[in-house]
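Model the full assembly from the supplied sequences, consistent with the hints where possible.
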Amino acid sequence: MAGIVELLINGLLLGALYALFALGLSLSLGVMKMINLAHGDFIVLGAYLAGAAMSTTGWPALACIGLVVPVMFAIGWALQAGLLNRVVGAHELSPLLVTFGLSVVIQNVLMEVFTANTRSLPSGDLALQGLRLGDVSIGLLPLLIGLVCVALYAGTHVLVSRTHLGRQARAVADDSATARLVGVDDRRFFALMAGFVMAVTGLAAVLYGVRTPFAPTAGPERLLFAFEAVVLGGLGNLWGSFAGGLVIGLAQVLGTQVSTGLGPFFSHLVFLVALLVRPQGLFGAPRH
Amino acid sequence: MLRIESLDAHYGLFQALFGVTLSIAPGETVALIGSNGAGKTTLLRSLAGALRVRADSVLLDGEPVGGSAEREQLSRGIALVPEGRRLFASLTVLENMQLAAANGRRGAWSIERVLESFPALRALLSRPATALSGGQQQLVAIARALVCNPAFLLCDEVSLGLSPLVVDEVYRLLAIARGDGMAIVLVEQNVRRALTESDRYVCIQKGRVVLEGISASADRHAVAQAYFGV
Numbered sequence: 013m014a015g016i017v018e019l020l021i022n023g024l025l026l027g028a029l030y031a032l033f034a035l036g037l038s039l040s041l042g043v044m045k046m047i048n049l050a051h052g053d054f055i056v057l058g059a060y061l062a063g064a065a066m067s068t069t070g071w072p073a074l075a076c077i078g079l080v081v082p083v084m085f086a087i088g089w090a091l092q093a094g095l096l097n098r099v100v101g102a103h104e105l106s107p108l109l110v111t112f113g114l115s116v117v118i119q120n121v122l123m124e125v126f127t128a129n130t131r132s133l134p135s136g137d138l139a140l141q142g143l144r145l146g147d148v149s150i151g152l153l154p155l156l157i158g159l160v161c162v163a164l165y166a167g168t169h170v171l172v173s174r175t176h177l178g179r180q181a182r183a184v185a186d187d188s189a190t191a192r193l194v195g196v197d198d199r200r201f202f203a204l205m206a207g208f209v210m211a212v213t214g215l216a217a218v219l220y221g222v223r224t225p226f227a228p229t230a231g232p233e234r235l236l237f238a239f240e241a242v243v244l245g246g247l248g249n250l251w252g253s254f255a256g257g258l259v260i261g262l263a264q265v266l267g268t269q270v271s272t273g274l275g276p277f278f279s280h281l282v283f284l285v286a287l288l289v290r291p292q293g294l295f296g297a298p299r300h
Numbered sequence: 022m023l024r025i026e027s028l029d030a031h032y033g034l035f036q037a038l039f040g041v042t043l044s045i046a047p048g049e050t051v052a053l054i055g056s057n058g059a060g061k062t063t064l065l066r067s068l069a070g071a072l073r074v075r076a077d078s079v080l081l082d083g084e085p086v087g088g089s090a091e092r093e094q095l096s097r098g099i100a101l102v103p104e105g106r107r108l109f110a111s112l113t114v115l116e117n118m119q120l121a122a123a124n125g126r127r128g129a130w131s132i133e134r135v136l137e138s139f140p141a142l143r144a145l146l147s148r149p150a151t152a153l154s155g156g157q158q159q160l161v162a163i164a165r166a167l168v169c170n171p172a173f174l175l176c177d178e179v180s181l182g183l184s185p186l187v188v189d190e191v192y193r194l195l196a197i198a199r200g201d202g203m204a205i206v207l208v209e210q211n212v213r214r215a216l217t218e219s220d221r222y223v224c225i226q227k228g229r230v231v232l233e234g235i236s237a238s239a240d241r242h243a244v245a246q247a248y249f250g251v
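Chains Y and P, in that order, are what the protein sequence lines are.
So that you can map any letter, position 67 of the first sequence is 79 in my numbering, and since no number is skipped, the others follow by simple counting.
So that you can map any letter, position 30 of the second sequence is 51 in my numbering, and since no number is skipped, the others follow by simple counting.
A hint or two may mislead.
Said to hold, decoys possible - For each label pair, taking beta carbons as the anchor points, the in silico distance ranges come out as:
id : chain 1 : residue 1 : chain 2 : residue 2 : range
1  : P       : Gly33     : Y       : Glu104    : 13 to 21 Å
2  : Y       : Ala90     : P       : Ser56     : 46 to 54 Å
3  : Y       : Pro72     : P       : Pro85     : 52 to 60 Å
4  : P       : Asp82     : Y       : Ala75     : 42 to 50 Å
5  : P       : Thr151    : Y       : Val17     : 53 to 61 Å
6  : P       : Ala110    : Y       : Leu109    : 29 to 37 Å
7  : Y       : Phe277    : P       : Arg73     : 50 to 58 Å
8  : P       : Gly182    : Y       : Leu19     : 52 to 60 Å
9  : Y       : Leu287    : P       : Thr151    : 25 to 33 Å
10 : Y       : Val270    : P       : Arg73     : 43 to 51 Å
11 : Y       : Leu19     : P       : Pro140    : 42 to 50 Å
12 : Y       : Ser271    : P       : Ser154    : 35 to 43 Å
Derived by calculation from the structure, the hints in this document are not laboratory data.
Glycine is no exception: its CB is placed at the ideal position from the N, C-alpha and C atoms.
What follows is the structure, encoded as structure tokens:
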């Protein structure tokens, strides 16, 4: 019994990491109607940046979040203002092609600079510590990631539903032409938003790097998990992406019980079946 | 004074306006009359910055302002109430107005003043904007432009699809704005109504101004001819 509870908790906590991956993707898809195919590669880039920050400053991994997040914000802002604003809104295919190209470029630059070797962010004894509740033991690091995930989703929810920034985001998502009529500068707003998305990605990247070993080519699979979480939850539904992440993580951990190597296969399978049953996603509005 | 001088407007290769020249004085109401596709909406969109036009084809107090972005026109005091209301569905009634008010100019109009003029809206503030009736949505759409405190309010088909009683409500709101000295450019399908609500009228046909005059002394027959292009 305790084993099953532990399994479920581990699945949800892995899902929390996927939900973190999905948050940025969900926002840029929901508001800018843009799919960033390099999203996974930016996660890996963030992890490498954290590695570089650690070896330069000597700080522990989690402290490097303070460096990686602002750098990633700047990258996101510059990328949107300088490049992606030229293609967003024009045609759905254009941002796809540009970010696909970016994905290739990032992977190869990472390969060139950091070699193809798998590496990880050492986190000292944090990775070994756990909490015991009766017969159930939970790793401290996954728990921390879970808490960060819930806090970020809650924070984003407040930002979107209560602030002027959030009203702008929803207005642009509804109807960007009319949003401009009431004085919203959608291009500047997109740059700000891409910065925010990339900052969240940076935070997720460090936590990912601490939890799992990574290599320059790990990006596309991260993108796949994030994308599945977003689509499973229902496009444009923030908490849907959160739930989607949890389902994907849970399926993966339970799948590992069936066969050790088949975890990701089962998460993809659950995604496929769920999509067949509810094409609009778990929390999406039905399409007309 | 908002002056439009030899304004050409294009949608890609298609030219929608040909050398339109007219002016709108502060505080006056001008009705744009013309059939569907005549170019009335295009003219309003050109003024509001939603359509790129030559800088010197729109002059505000002598300064060329054509081709500026929407938010720049808004800060200069030109606001558009778009056809079909276009309220933000994900925002409540209050949020629709808050968003505009935060981006607009300071002045006599506030959300509170809208609510004082139309107390019925107060109970609807927290509703999603699109859950309102057509007439209520139209009032909110106009209010959304009013709280930006424009000097020139451009109204595109504000009575379309509304019952006569509700249309009166919409014009009551516009009359309050007019009382403040706000200039209004009115696109209205109902020619009779357009003439009673305006100081001057301008008839547009196939992208060109074909007739203009004082609304009170308008020759209905001539206006009808200009409208139908016979």
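Inset, instruction - Report the numbers of all earlier hints that the structure fails to satisfy, in ascending order. - result: 4, 5, 10, 11 and 12
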